[in-house]
Amino acid sequence: MTALTFTLKLPLRQRLDVSPLVPDVLLGKSEKEIALLPLQYGNRRIATAELFDIQGGDAESVCISGSPKLDFAGRAMTRGALNIEGDTGAYLGMQMKGGRLCVSGSAGLYAACELKGGLVEIAGNAGDLLGAALPGNKKGMSEGVVIVRGNAGDRVGDHMRRGSILIEGRAGAYLGARMTAGTIAVRGDIGPCAGYAMKRGTLLLYSSHSEIGATFNDCGMHTLGFLPLLLKGYEGLDTCFSGAPASLARVRRFAGDLSVQGKGEILLVA
Amino acid sequence: MIINGVHIDETFAEAFPMRATRVIVTAQNLKWAHYAAHAMTGFATSVIACGCEAGIERELDPAETPDGRPGVSALLFAMGGKGLAKQLETRAGQCVLTSPTSALFAGLDEGEQIPLGKNLRYFGDGFQISKRIGGKRYWRVPVMDGEFLCQETTGMVKAVGGGNFLILAESQPQALAACEAAIEAMRRIPNVIMPFPGGVVRSGSKVGSKYKTLPASTNDAFCPTLKGQTRTELSPEIESVMEIVIDGLSDADIAKAMRAGVAAACGLGAANGIRRVSAGNYGGKLGPFLFHLREIMA
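These protein sequence lines map, in sequence, to chains A and B. Just so we're aligned, residue 1 is where the first sequence starts under this note's numbering, counting upward by one. Just so we're aligned, residue 1 is where the second sequence starts under this note's numbering, counting upward by one.
I should point out that these hints are in silico values taken from the structure, not numbers from a laboratory. There may be inaccurate statements among the hints.
Stated by the list, open to error - Straight-line Cα separation of at most 25 Å, BS3-like style, residue types lysine-lysine; simulated pairs:
1) B:Lys118 <-> A:Lys263
2) B:Lys118 <-> A:Lys199
3) A:Lys116 <-> A:Lys138
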């Protein structure tokens with residue numbers, strides 16, 4: 001059975017909430033029920049079939065044609081696979097608990113915010129506040145893995161509690177700000193104020209141009225036993241962080257953010 | 001039954017249910033992994049007075065260990081879960097945490113989870129760091145040589161302890177040579193340990209004693225110097241008896257190890273002074289697991 005595919009009939013004029021188009025909601029529904037499923041489009045609620053051509057029947061594997069105006073894709077999904085062909089808007093994978101969410105383009109603001117499990121893969125770039133807590137909330141991403149093959153915006157992992165964010169490109173300012181725990185790895189350059197007000201957790205940085213804030217103290221060069229284990233844990237994932245040479249790397253450890261008595265760390269790969 | 005001139009007694013070994021866990025100790029090299037694991041499994045020959053029975057199961061290649069370093073796996077057995085957890089924590093804390101470059105991981109995922117680094121982490125005095133990797137929690141405890149990496153818990157399973165067989169020989173060196181051959185063969189069997197020094201025990205015991213405070217005392221029926229003084233099990237030509245005790249994760253594992261061990265001992269044969277193979281039991285009344293020698297060797 002082929003994936004249940006939703007193809008946009010026309011370019012979107014308003015923002016569209018596609019959170020109902022996840023395996024959890026679609027499984028067990030008939031073609032007609034899916035076609036009539038209401039979606040929030042701007043300030044109106046309209047049937048799915050008015051916006052999308054619907055093909056295929058395997059609701060465990062859902063495919064949606066992308067648009068920067070598609071918001072809340074994969075929200076709270078717990079199982080199955082959701083593929084976005086192209087770009088997506090804000091709140092991608094918000095509060096997602098399980099399954100696999102792949103975007104072949106870029107994602108907007110708050111991707112993987114308050115993620116609770118599963119795997120989010122973004123082939124392009126991610127906007128600001130990737131894996132962060134929603135405004136006013138204190139708990140960001142608390143489990144799961146996020147892979148960004150391009151660049152990520154500012155405040156990646158704001159208030160993050162657990163899980164891993166792997167950025168193969170660059171990351172913006174305030175990387176891991178107010179982080180409580182978890183791991184963020186970045187291959188490329190980062191913006192200023194990394195680890196701002198960070199309590200615990202690990203920022204694993206590969207760029208020698210990474211700027212370390214004054215409130216992080218140098219703890220020297222080390223070979224840390226947990227790093228090979230951590231990188232081995234990414235082996236099943238299609239990411240440059242799972243490579244064997246990286247697993248042998250020595251790192252310079254910076255402890256902080258000492259301005260908030262933080263016990264987090266920035267590990268700079270030598 | 002006679003194998004290579006060695007008489008196999010029509011008797012059985014009697015074993016008991018125990019609780020067991022497996023841990024993996026890694027280090028910078030195999031030498032230091034062995035130091036840590038040997039210390040951890042030291043003074044663990046018998047639950048009679050050691051609290052647990054433990055031993056090194058086998059060496060592990062870097063590809064087999066969680067952190068990609070050389071390591072060894074060790075099995076620990078105790079009569080109950082509480083006792084095992086206590087022994088594991090004490091031994092991990094005093095013997096592995098203290099050993100340079102060491103790391104400690106669970107060797108069993110299944111079964112009830114018991115603390116490994118869960119409480120040892122407090123040694124880090126607040127500087128310890130938790131990492132969840134692949135759904136498992138690990139603790140990074142800062143120590144003077146770097147970091148002690150330890151998995152939070154390990155699995156505890158039902159197991160079997162007290163499998164055994166006796167080698168009866170014409171002399172002490174011959175009995176020991178047969179035991180060494182048996183142990184070498186048995187160490188190739190997974191899921192078992194032989195907890196006594198070198199895998200061999202020369203002071204086999206019986207239940208009870210003439211002294212009321214002692215739960216066990218020398219197995220006088222198999223003591224060659226008492227042949228004329230007690231109700232002996234030994235014929236005149238037997239001058240030395242040694243025992244191999246086996247703990248395993250299952251009765252099938254013990255049976256496999258016993259078969260390998262008895263076969264190796266019999267390989268030396270009567271020509272090398274090995275005359276009989278027997279086993280220790282309590283009449284089948286105490287332990288639910290019976291290992292009949294002749295069935296195992298059939």
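Subject >> Numbers of the earlier hints that this structure fails to satisfy, in rising order >> reply: Checked against the structure, no hint fails, so every one of them is satisfied.
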